[in-house]
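Counting from 1, position 64 in the sequence shown corresponds to residue 64 in the working numbering; the numbering is continuous, with no gaps.
All clues given are correct.
Computed cross-link-like contacts, DSSO-like style, restricted to lysine-lysine with a CA-CA straight-line distance of at most 30 Å:
#1 52 <-> 28
#2 175 <-> 133
#3 97 <-> 57
#4 53 <-> 102
#5 102 <-> 57
#6 97 <-> 28
Cβ pair distances, simulated, as ranges:
#7 139 <-> 191: 15 to 25 Å
#8 161 <-> 72: 42 to 52 Å
#9 103 <-> 54: 10 to 20 Å
#10 125 <-> 28: 54 to 64 Å
It is worth saying that the hints were derived from the structure and are not from the lab.
Here the structure is a predicted model, which means the values were calculated and not measured.
Cβ atoms here follow ideal geometry from the backbone N, Cα and C, with glycine treated the same way.
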Amino acid sequence: MKKHIILLFIFGLSLSTFAQDSVKIRSKEYYLTLANFSPLTLQLKYKQQIGKKTYFKIGLVNLSASGNSQENSSPIYFPTYNSAYSAGLEVGIEFRKQLTTKFQVYHGPNISFSYRHSSSRLTDPAIPRSQQKNISESYKGSLPYSLGILFNINSNILISAELNPNITYSYLYYKNGQEPQSNRISQHISIGLDNRVVLVSLVYRR
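Sequences and hints are given; from them, build the entire structure.
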């Protein structure tokens, strides 16, 4: 009898462990998003399932870098070099609903912060190097609300299409190297979309 009780206990413990492990199994998704073409802007996001229909997400947004030069054959003009880069962080919660075996819809709130730096340098030797640059820096904090749809190509590869209406606070600082009196700070609040077009993402799920 004692042996049977021990065997039943071990069997029950095994079932309990298996059930707990099955509950702990959560899907993970990795997103690559083309947010803009000019300049080329990318987003990299990670989503972790934390409930039956709930996901936590975190990602790098507004990732871009660009540079160019403007030159003129006339000797009275000097080359101008322009450069810019930006990056941001976004976190949020997402709620999902299965429409068909292939389609899911999702929505949820986020909080996002991003930074952008751009500069323009006029290489005129008559101007001290420290005064050749005009610099613009912007800081943006926003509360986007994601509305999207997921399409399963197969069990691991998906396509996502998403809109993000948001409320955004922007802080801009502009520094004029040659005319410090033209330096300025501006702030504003806006309501709109993060992008002019729908965000389309390639998704890997495991």
